[in-house]
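Same order as they appear, the protein sequences are chains B and H.
As numbered in the numbering used here, residues 1 to 314 make up the first sequence, in order.
As numbered in the numbering used here, residues 1 to 314 make up the second sequence, in order.
The set of hints was computed from the structure by calculation and includes no laboratory data.
Beta carbons are placed, not taken as given, at the ideal position from N, Cα and C, and that holds for glycine.
There may be inaccurate statements among the hints.
Looking from chain B toward chain H, a few residues come up when the C-beta cut is under 10 Å (computed) [unchecked claim]:
#1 122
#2 127
#3 256
#4 259
Protein chains: 2
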Amino acid sequence: MAITFICPEKDTEPWIQPLKELDPTLEIRVWPNDHPRSEIELALTWAHPPGVLGEYPNLKCISSMGAGIDHLLADSLLPDPGLPGNPTIVRLVDRELIRDMSEYLLLAVLHHFRQFDFYRAQQGQSAWRPIRPLEKKERVIGIMGLGQLGEAAAKRLQKAGFSVCGWRNSPKKIDKIQSFHGKDQLETFLSRARILICLLPLTRTTRHILNQNTFSKLPRGAYLINVGRGDHLEESDLLTALDQGHLSGACLDVFKTEPLPEDHPFWQHPKILVTPHISSQTNPRSVAPQILSNLNRLRAGKSLLNQVDIKKEY
Amino acid sequence: MAITFICPEKDTEPWIQPLKELDPTLEIRVWPNDHPRSEIELALTWAHPPGVLGEYPNLKCISSMGAGIDHLLADSLLPDPGLPGNPTIVRLVDRELIRDMSEYLLLAVLHHFRQFDFYRAQQGQSAWRPIRPLEKKERVIGIMGLGQLGEAAAKRLQKAGFSVCGWRNSPKKIDKIQSFHGKDQLETFLSRARILICLLPLTRTTRHILNQNTFSKLPRGAYLINVGRGDHLEESDLLTALDQGHLSGACLDVFKTEPLPEDHPFWQHPKILVTPHISSQTNPRSVAPQILSNLNRLRAGKSLLNQVDIKKEY
């Protein structure tokens, strides 16, 4: 029996190496290379070609190669029970990715509060104009999405002296963080968020959740940080909100189309900071033990780590 | 008896307000306004006109209005014992200033490690080029100056996951921070510092300590952050080191001449990030109790807080 990678856009070498170091006997295949499809128990996937999973009759587990599973949902074989072995779907939870994401958000938030965008623009004009940093107490940071990434970011920002609240689908208590949930509390949450961070999973419900209606509920002058997915954002609505001055700026790390096309208006917008999807990445070395652990659990008939509810889409 | 402000460049109103709130009976004067010079016990000064302190026959304490006292040393009446009452010299130690400085340095360091300077330049060219963050373990941050500001910054950076070492004049033990001292250990310290932060007091010895000789001892590709004083830096040596590629970049918050003149080459240098002396400022409200406390101690004949050794110049 063996595992396979199905990830046409990714280099598999950095993934195979640490797995081989941990278990030299492990049989690893890479799609579309020639190998009997029937020997595959577990498939590690990222943006796999829709339909291809149907070729594996003995597939027991599909593991996303990252924290998100939105790329899996593009395949009509999922979430419908269209696969023979009814495989369990899991994702990878990487402590290093969680730490890196919190760090990126701390940087983006400090950058905003300490007026680094303004000073960069002033430098371009050789202009010396010291202004006050933004007030931490007055400017609440609102985090949409309080999963493992959102909770870690909330705690890190709170420890750094910022006022933080959060919103998610279902209730969750987090020490010292005011947490809102569900559609009913969304407006109250938004009305407090002077800095809005999107860390939601991408689902049918959250697609384009960063739209004109959402922005209109934020206090005037609010700032947006999107590190979720490009499809969370209705791009033209952001441009309108910035141009009307309702939003004061945005820091964006994810985009509908990546790489962001050269002629996209975000690049040269004076109020937008663009980073090329670098907030955090799953580290193949740090998740290798988790992959092996799930393979062993699968073989021992135990429940798997980091299972995904495909109906909830996260 | 009364206190006076002697600070032609500063607005005294934000200072007087909180002092009056704490002690409505306090007599406060402002130089050069008319008042009997003999009634002044304590002078709060910032860049006072040299010689003017000699007018105050009963002066018992001179308090810098900030953490540094280099501005006092420009007056030939100090450090020579040229003042009648042989006043004690103190400075203000502001917890908020220390916290703000650590925060600025965390921002500058994260900005460098997470390649934000690079991404800003890429954005100007509408170019999508994700690159790896710098490695924290490999890139040691060296802090010159381990007083209250330097120690707090070292601890904050260390907690944020960075490798930190420090250097100062005399030995000092700080938990988990490797600390070097004196001329003999300077070269060893510099050879480890991939990021060099200057937080030294400005004295005859430290003036122009950031020079070609110092830079040549740093590993190739090192990055400089100067938040000490503009006079710590030999400006033309920095330009040479950057242009030769020995230093990879610099973040500067202080300058020989402030405001930085419009035609200064730092403004448009692609490897220099300029901020207009905003890393941290003494908050008049947070130091008001300290000023009153020293006045009370003076009147009670007790030793003063935050005394300065004028011969050491800090």
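(request) Identify whether the interface hint at residue 259/B stands, where standing means a beta carbon of chain H within less than 10 Å of its own. (result) Residue 259/B check passes; min Cβ-Cβ to chain H is 4 Å, inside 10 Å.
(request) Classify the hint on residue 122/B as holds or violated, based on whether any CB of chain H lies nearer than 10 Å to its CB. (result) Residue 122/B check passes; min Cβ-Cβ to chain H is 7 Å, inside 10 Å.
(request) Would you check whether residue 127/B satisfies its interface hint, that is, whether its CB is within less than 10 Å of any CB in chain H? (result) 8 Å, holds
(message) Checking hints one by one. Is residue 256/B an interface residue toward chain H, by the C-beta closer than 10 Å rule?
(response) Violated, because the Cβ-Cβ distance from residue 256/B to chain H comes to roughly 13 Å (cut-off 10 Å).
Consistency note: the structure conflicts with earlier hint 3 alone.
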